[in-house]
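Put together the whole structure using the sequences plus the hints.
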Amino acid sequence: MLELRNITKRFGAVLANDHVNIKVKSGTIHAIVGENGAGKSTAMRIAYGFYTADEGEIIVDGQPRRIETPHDAIALGIGMVHQHFMLIEPMTVTENIVLGAEPGGAVALDLTKAAERIRKLSEEFRLAIDPHATIEHLSVGQQQRVELLKALYREAQLLILDEPTAVLAPQEVEELFAILRRMRAQGKTVVIITHKLDEVLAISDEVTVMRDGRVVGELQTSATNAAELARMMVGRDVLLRIEKPQAKPDSTVLSVEHLTVTARDGTQRLKGVSFQVRAAEIVGIAGVEGNGQTELIEALAGLIPHAQMSGRMEYLGRDIAPLDARSRRELGIAHIPEDRHRRGLLLDFDLKENSVLGVHYRPPVAVSLGSVLLDDGAIRKRTERIIEDFDVRPANPDLPARSLSGGNQQKLIIGREFVLQPKLLLVAQPTRGVDIGAIEFIHRKLVRLRDEGCAVLLVSAELEEVTALADRLLIIHDGEIVGEVDPTIATLEEIGLLMTGGKEQ
Amino acid sequence: MNELLNIGLIYSTVRTATPLLLAALGGLYSERAGVINIALEGLMLVGAFTAAVVTHYTHSPWIGLTAAIAAGVLIAAIHAVLCISFKAQQVVSGMAINILLIGVPALLSGAFFESTGATPQIPLHELLQYAPVVIAFALVPVTWYVLYRTPFGLRLRAVGENPEAADAAGVSVTRIRYAGVLLSGALAAIGGAYLSIGQSSLFTRNMTAGRGFIALAALIFGKWRPVQTMLACLLFGLAEALATQMQGVVRVPVQFIQIIPYVLTMIVLAGFIGLSRAPRAIGIPYQKEK
Ligand SMILES: Nc1ncnc2c1ncn2[C@@H]1O[C@H](COP(=O)(O)OP(=O)(O)OP(=O)(O)O)[C@@H](O)[C@H]1O
Ligand SMILES: [Mg+2]
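Read top to bottom, the protein sequences are chains A and B. So the first sequence is numbered by my numbering: it starts at 2 and just counts up by one. So the second sequence is numbered by my numbering: it starts at 1434 and just counts up by one.
Read the hints as simulated data drawn from the structure, not as lab findings. All of these numbers come straight from a predicted model, not from anything done at the bench. Incorrect hints may have been included.
Claimed, not checked - Here are some of the chain A residues that sit facing chain B, going by a computed Cβ distance under 7 Å:
| id | residue |
| --- | --- |
| 1 | E69 |
| 2 | I75 |
| 3 | M87 |
| 4 | T93 |
| 5 | E96 |
| 6 | L100 |
| 7 | G101 |
| 8 | L110 |
| 9 | V483 |
Claimed, not checked - Incomplete in silico selection of chain A near chain B, CB under 7 Å:
| id | residue |
| --- | --- |
| 10 | I89 |
| 11 | I243 |
| 12 | E244 |
| 13 | A308 |
| 14 | Q309 |
| 15 | L375 |
Claimed, not checked - Stretches of chain B that chain A covers, calculated by requiring three or more beta carbons in the stretch to come under 8 Å of a beta carbon on chain A:
| id | region |
| --- | --- |
| 16 | 1522-1528 |
| 17 | 1595-1605 |
Cβ coordinates follow ideal geometry from the N, Cα and C atoms, glycine included.
Right under this line is the structure:
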C-alpha cells in the first residue's frame, strides 16, 4: 500500500530521518514506535506531504509518487490524524470535513448533502458525531473522531494516526481501537504511532521500530513482546516498572487543611481537601482528569488568586496561602506543570532562557547593581548542567525550546526545577507524551529526589505511574479526597472504583 | 433639533456610509483570510486619485472607476507580496502603504497639474453618484453569501482561523490569502473613487481623511461579519452626517463638531474591541515547515 524508500530529512543540523524504509501492507494495522525525537512524526508527515523529503522515494500501490502537498496525498487516498488536531474550532463538523473537498459547484456549497453523508459514515463506523455540532463544543475524543471522519469522507484507503491515544481516557482508547478494527475489516490500512507498547501489542499486525532517525526493526506483532520492543527502541534493557527502596518519611513538610477552590464561574473545584506530605516521601494523587487535581497543584504553586480559595496551606509550619508564586519558589517549592506549553516553557525562547525562568532575577543568574543584568556565562553554565544531567537532546543551549521533541522539553523543565534543590516538589503528569526510555529516566530522578529528602506531591492520569511511584496514594473524585490506599497492596480495580466515585469499603 | 431629523439626514447618512462600507467589506475579505489590512486608507486614496486623474484625461468616469480598481488591486498586491510571500509584519507593511499614498498623489498632481495635491475639476456624472451606493449595499448580502455559502468563503474563513488545518485539508493558504487581499484592494479603491468622482468632482490632498481607519474600526465593531459591519458603517455615517448638519445650526465651534466621528471611532474601539473575536490567525504569517 505505502512504502517509504530511503527517506532522508534534515532540519538544519538535525538529521530527523536517515534513510528510512517503511513498508505498510494493505489491509493491516501497522504501528510505529520509537523514542521522542526518533523521527516517527517526520516520516509520516513526509508521507502526507506536510514536509518534503530531501532524498528518497514514496511508493503508493506499487507506483513511485510525488507527494509535495497534503493535497497530493489526499488525492492518493492518504489521510492523517495529526498529533495536534487540525480542526477549525468555531466551525461545524460538516464545514471542517468538507473543507478542501467541497461538494457542489464553485458558487454553491452544498452542506446539506455533505451533512447527510457524514451522518451515514458516522453511523456506519459508530462514531456518534453530530454533523452540525461546532468543534469547540466537542470533547477531545469526539474531535478525534471528526478527524477520522474527515479521512473517511475523502475515502482515504490509508489512515495515519500520530499518537492518537495520548489525549484519550482508557475507555476512549478502547472505542478508538474498535473503530480502527472496523476500518481494517473494510480493507483499509492504518498506520498508528504510539508510545504505549501494550497498545502496539493490542492493535497492530506489524511494528516498525525507529531510533535516532533510523529504522532499527521491523517485526510481526505476534512474534514480539514489550520487553523486546523497549530494548530495540532505547538500545538497552528498560525497566518497565520502577524499582524503589522503601520510603523513610521524615517530618511533615506540607499540610493542607480544608482547602477549597472556587472557579470564576462559581463551581467548586476543590471541596475541602486535607492531607499531608512528609519529607522523603512521594504522595500520589490518582483521579480521572478534571476532578480537581489541576486546581490542587496550581493552588499550592500560587497560581490561583487568593480570593478563590479558602482553607489552610502550611509549608514547614508557615502559612503560605497569602504568598505569591515567586515567594513560594524562594522558600523551596518547585513546580512541574501539567501543560508544558502553557505553564512550563516559552517556546520561542532558547533553552538558556527557559532554563533560568523563575530565577532570572536573582544571583547567580542576575548580577551587579542589585541584579539588573543577566550573566550570560552563568546562564550558559547552568543550562549546560541541566542538559547534561537530564540528557536533553539535542544538547544545544541556543536552540529554541520549540524545536525539541515533547519528551526533551519535559526533561528540560524537570531539570530546571530539580537544580533548585526543592524541599517540596509539585509535579503533574511528568511523563505525558514521553517515551519509555525517558519515562524510566524521569521516574528514577523522582525517586532519587525523594531519597534526598524532598517531599513530592505527584499527580498523574496514568494509574500505572502513580501506583509505581507513590508511597502513599490518595484518590480524588469530584474535588474531594475519597480514599487513601497503600499502592503496594491495592489493586488497580479498587483504585479505579474509587476514582469513578465508588466509596471505599 | 427637529430640522436635523429628516429625509436629508437619512440620505446623507447612506452617502457617507458608502465609502466606509466599501472599504470595510474589502477589509473583511483580507482579514477573514488572516491578513491585517491597515492599508485601507492608502487603498482608498489610490482609488480616489486614480479615478480623478483617469476621468480627467479620458472624460469617462467608467474608465476612471475601472482604472481605480486596477490601481487598488496593484497596491494591494504589494501588501500581499510583502505579507504573504515575504511574511512581513502586516501592520508595518500597511502603514508603509498608507504613508506612501499620502505622498505620491500630491507629488504626481504637482507634476501633472502644477497644483499642490489636487486634480482639476471634472464634470460630475449623474449615475456615478448612485451606482457605488447600490454596489456597496448590494455587496453586503453578496459578501454574506460568499462567506457562508461558497467553497471560497469556507476556505477564506478556514485560512484566517487555522491555516495549518486548512493546509492539511489540501487548501492553498497562499492562494486564498492573496485572493482576500486583492479583493480588499478592489473594494477599497471603489470606495475611494466614489469620494473623488462620485461625491465630489476632483481629488484633493488626503481627501479620505482617515476614512480607511474608520472603516477598519467598523469592521472590528461589526465583528468581521458583513451585516454587522454594514450597521457599524451606518452608525459612523450617521455621526458624520449629523456633524455636517449641525454645523451652522448648533452654536459650537465647527472643529468640535467635525471631531464627532473620530471620537465615536475611539469610543467604539476602546469599548468593543475586547468583545469581538478576531479571526484567530490574523496577523500571523503562515510559515510552513519544509
Ligand atoms: N519543524 C522542525 N524543525 C526543526 N526540527 C524539527 C522539526 N520537526 C522535528 N524536528 C526534529 O526532528 C527530530 C525528529 O522529530 P519527530 O517529531 O519526527 O520525532 P517523533 O519521533 O515524532 O517524536 P515524539 O515522540 O516526541 O513525537 C527531532 O530531533 C526534532 O527535534
Ligand atoms: Mg511525534
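Taking 7 Å as the limit, does the beta-carbon of L375(A) come near enough to a beta-carbon in chain B? 27 Å, violated
With a cut-off of 7 Å on the beta carbons, see whether Q309(A) makes it to chain B. Hint on Q309(A): violated, closest Cβ of chain B at ~22 Å, above 7 Å.
Does T93(A) hold up as a contact with chain B if the rule is Cβ-Cβ below 7 Å? At about 10 Å, which exceeds the 7 Å cut-off, the nearest Cβ of chain B leaves the hint on T93(A) violated.
Hold the hint about E244(A) up to the distance rule: shortest CB distance to chain B must be less than 7 Å. 41 Å, violated
Would the stated hint for M87(A) survive a check requiring a Cβ distance to chain B of less than 7 Å? 4 Å, holds
Verify the interface restraint on E96(A): the C-beta must sit less than 7 Å from at least one C-beta of chain B. With Cβ-Cβ at 6 Å, under 7 Å, it holds.
Agreement of hint I89(A) with chain B interface, Cβ distance less than 7 Å: Holds - the Cβ of I89(A) comes within 7 Å of chain B, reaching about 5 Å at its closest.
Can we keep the E69(A) interface hint, with Cβ of chain B closer than 7 Å? Constraint on E69(A) not satisfied, violated at 10 Å.
Can the hint on V483(A) be confirmed by a CB-to-CB distance to chain B that is less than 7 Å? Cβ of V483(A) sits 39 Å from chain B, so the hint is violated.
Are I243(A) and chain B close enough, Cβ to Cβ, to be under 7 Å, as the hint says? 36 Å, violated
May I ask you to test the interface hint for L110(A) with respect to chain B, counting a Cβ-Cβ separation under 7 Å as satisfied? Holds. Min distance 5 Å.
Quick check: do three or more residues in the region 1595-1605 of chain B have a beta carbon closer than 8 Å to a beta carbon of chain A? Held - the region 1595-1605 of chain B has 10 residues with a Cβ nearer than 8 Å to chain A, which meets the minimum of three.
Hint compliance for this structure: hints 1, 4, 9, 11, 12, 13, 14, 15, 16 are not met, and every other hint is.
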